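Asker: If you want the building blocks of each chain, they are given just below.
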Amino acid sequence: DTGVSQDPRHKITKRGQNVTFRCDPISEHNRLYWYRQTLGQGPEFLTYFQNEAQLEKSRLLSDRFSAERPKGSFSTLEIQRTEQGDSAMYLCASSLGGSERQETQYFGPGTRLLVL
Amino acid sequence: RKEVEQDPGPFNVPEGATVAFNCTYSNSASQSFFWYRQDCRKEPKLLMSVYSSGNEDGRFTAQLNRASQYISLLIRDSKLSDSATYLCVVNTGNTPLVFGKGTRLSVIA
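Residue numbers (the working numbering), protein chains in the order written: chain A, 7 to 122; chain B, 593 to 701.
It is possible that some hints are incorrect.
Unchecked claim - Partial chain B-side listing against chain A, Cβ under 10 angstroms, derived:
1. K671
2. S673
3. T677
Said to hold, decoys possible - Which chain A residues face chain B? A few, computed with CB under 10 angstroms, are given here:
4. G48
5. L66
6. F80
7. G114
In short, the hints are calculated from the structure, not lab data. In this text, all values refer to a predicted model and were calculated from it rather than measured experimentally. Where is the CB? At the ideal position from N, CA and C, for every residue including glycine.
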């Protein structure tokens, strides 16, 4: 399967613990995005990378959240000191990242986080 | 005002019916528009891009009205497999995608 992959698919943790999620984009894609989705809502943008550079962060991304894409390939999203309000589906997407503004983003299956 | 607004539904329609979803967006600088489909507990998948001239893909037709900042999706001859949440998505060109909350469709036998 050459699509976007995410790991783990599910994570249950206790409040206050740290969690880390991984995303592997489609191999030739330069842009990588993280979104968060809660029940009954559409996905909300968190941050994105052009290669290894983190170009934009949403105000939703508090200082407990950090994302990296060290070699411009896979990315990790870490949440420190998790809170119950962090429970959500965390979606990763990737795109080619060329000059075409109407480029398509392809989503991974998501990591579903439950904070107890 | 939300950036992208959709009627959440649910729309419950019989097989074979025609159903239309509407979406409005607030940012007049928006440059590209999409409809994504999301099945329960799955990731969003691109259904179609929306072009100014309108476009059709089989049973699906998308329309864009820039003056009214309005996007629509028409599904003809609904199938049971069309049951899903349909997300209206907008891109201003400088920021990543902005999603509506989605419209839930249930096609009933």
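Asker: If a hint holds in the structure, say so; if it does not, say that too.
Answerer: Taking the hints in turn, this is what the structure says about them:
For the restraint placing B:K671 at the interface with chain A, the shortest Cβ-Cβ distance is roughly 23 angstroms, beyond the 10 angstroms limit, so the hint is violated. Taking 10 angstroms as the C-beta contact cut-off toward chain A, the hint placing B:S673 at the interface is violated, the least distance being around 19 angstroms. Interface hint at B:T677: satisfied, since its Cβ lies 9 angstroms from the closest Cβ of chain A, which is below the 10 angstroms cut-off. Of the supplied interface hints, the one on A:G48 holds, with its beta-carbon coming within about 3 angstroms of a beta-carbon of chain B, less than 10 angstroms.
Proximity of A:L66 to chain B is violated relative to the hint, the smallest CB-CB distance being about 12 angstroms (cut-off 10 angstroms). About 17 angstroms separates the beta-carbon of A:F80 from the nearest beta-carbon of chain B, more than 10 angstroms, and the hint is not met. For A:G114, the interface hint holds, the least distance from its beta-carbon to any beta-carbon of chain B being 6 angstroms, beneath 10 angstroms.
Checked against the numbered hints given earlier, the structure breaks hints 1, 2, 5, 6 and satisfies all the rest.
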